[in-house]
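Trainee: Sequence:
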Amino acid sequence: MLKLKNVHTYYDNIHALKGIDLVINRGEIVTLIGSNGAGKTTTLGTITGLLKPKTGKIFYNDKEMTGIIPGEIVKRGISLSPEGREVFPQLSIHDNLRLGAYTRKNKKEIEESYDMVYELFPRLKERKNQVSKTLSGGEQQMLAIARALMAKPEVLLLDEPSLGLSPNLVQMIFKLIKDINNLGTTILLVEQNAKMALRVADRAYVLETGKIIMEGDAKKLLNDENVKKAYLGNL
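Just so it is clear: in the sequence shown, position 26 is 26 by the UniProt record's numbering, and no numbers are missing.
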């Protein structure tokens, strides 16, 4: 469904991604784990067109989309919930969601998407007219994910959805990730909480200094001694 083939991405002279090969199949949750600076967010930025790879190719549904502008990528079915939430602070929850659907024209389908995200996130429905800057960190994270879902993506990219949240909220966010996947959305999850990410994912890639150093079944990687020592601490 989504493939990266030998992708190299640079920030000026910094070689951030060094020949990434990545495959996400329809219906999967795939997680990309690694330490700070490994290239996880760069990978998502390259997929979404925010960064242009110097070499390599990106394919989506068997069509190349390397170098396509971000808005067109959203129209094709790939949506991002960014690191740090990045909600529009002065706007209400409902208006944030409206902006998530900016590429869509069918009003009936957009209303159906509102119903869907409010069912997934009842806390947002209760506060839909509340200004977003007044929300808690967990509520803002829910809003960022819900806004990405308003684009009606086939593939949802999640960048550090549990960052800065309390343990209870982390559990809630990961349950929501599973629920979203069960509704038919394919997910690529970037997470520093490798333990939780591997528990929820089908497959995983381990990224280190811009290179994939390990890949495979997420549950097997969860029990791999090298992964435990490097990323999971004591289980």
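Hints listed in this document are in silico derivations from the structure and should not be mistaken for laboratory results.
Where hints are given, some of them may not hold.
Simulated pairs of lysine-lysine, DSBU-like, Cα-Cα distance not exceeding 35 Å [stated by the list, open to error]: (1) Lys195 - Lys229; (2) Lys152 - Lys54; (3) Lys229 - Lys75; (4) Lys229 - Lys175; (5) Lys152 - Lys128.
Cβ-Cβ distance ranges computed for the label pairs, FRET-style [what the hints assert, rightly or not]: (6) Gly71 - Asp115: 31 to 39 Å; (7) Gly19 - Glu119: 39 to 47 Å; (8) Asp95 - Gly164: 21 to 29 Å; (9) Leu99 - Lys63: 24 to 32 Å.
All values derive from a computational prediction rather than experimental measurement.
By construction, the Cβ of each residue, glycine as well, lies at the ideal position given by its N, Cα and C atoms.
Trainee: Given a hint of 31 to 39 Å, does the C-beta separation of Gly71 and Asp115 actually sit inside it?
Mentor: 25 Å, violated
Trainee: At the C-beta level, are Asp95 and Gly164 separated by a distance inside 21 to 29 Å?
Mentor: Since Asp95 and Gly164 have Cβ atoms about 24 Å apart, the given range 21 to 29 Å holds.
Trainee: Check whether the Cα positions of Lys229 and Lys75 lie no farther apart than 35 Å.
Mentor: This hinted pair is violated, its Cα atoms lying about 41 Å apart.
Trainee: Would the pair Lys152 and Lys54 pass a check requiring their Cα atoms to be no farther apart than 35 Å?
Mentor: 29 Å, holds
Trainee: Is the Cα-Cα distance between Lys152 and Lys128 35 Å or less?
Mentor: Given that 35 Å is the threshold and the Cα spacing comes to 19 Å, the pair holds.
Trainee: Do the alpha carbons of Lys229 and Lys175 lie within 35 Å of each other, as the hint requires?
Mentor: 26 Å, holds
Trainee: Can the restraint linking Lys195 and Lys229 be considered satisfied, given a maximum Cα separation of 35 Å?
Mentor: The given pair, whose Cα atoms are some 12 Å apart, holds under the 35 Å limit.
Trainee: Is 24 to 32 Å respected by the C-beta to C-beta distance linking Leu99 and Lys63?
Mentor: Since Leu99 and Lys63 have Cβ atoms about 27 Å apart, the given range 24 to 32 Å holds.
Trainee: Per the hint of 39 to 47 Å, is the separation of the Cβ atoms of Gly19 and Glu119 within bounds?
Mentor: 42 Å, holds
Taken one by one, the earlier hints fail for this structure at numbers 3, 6, listed in ascending order.
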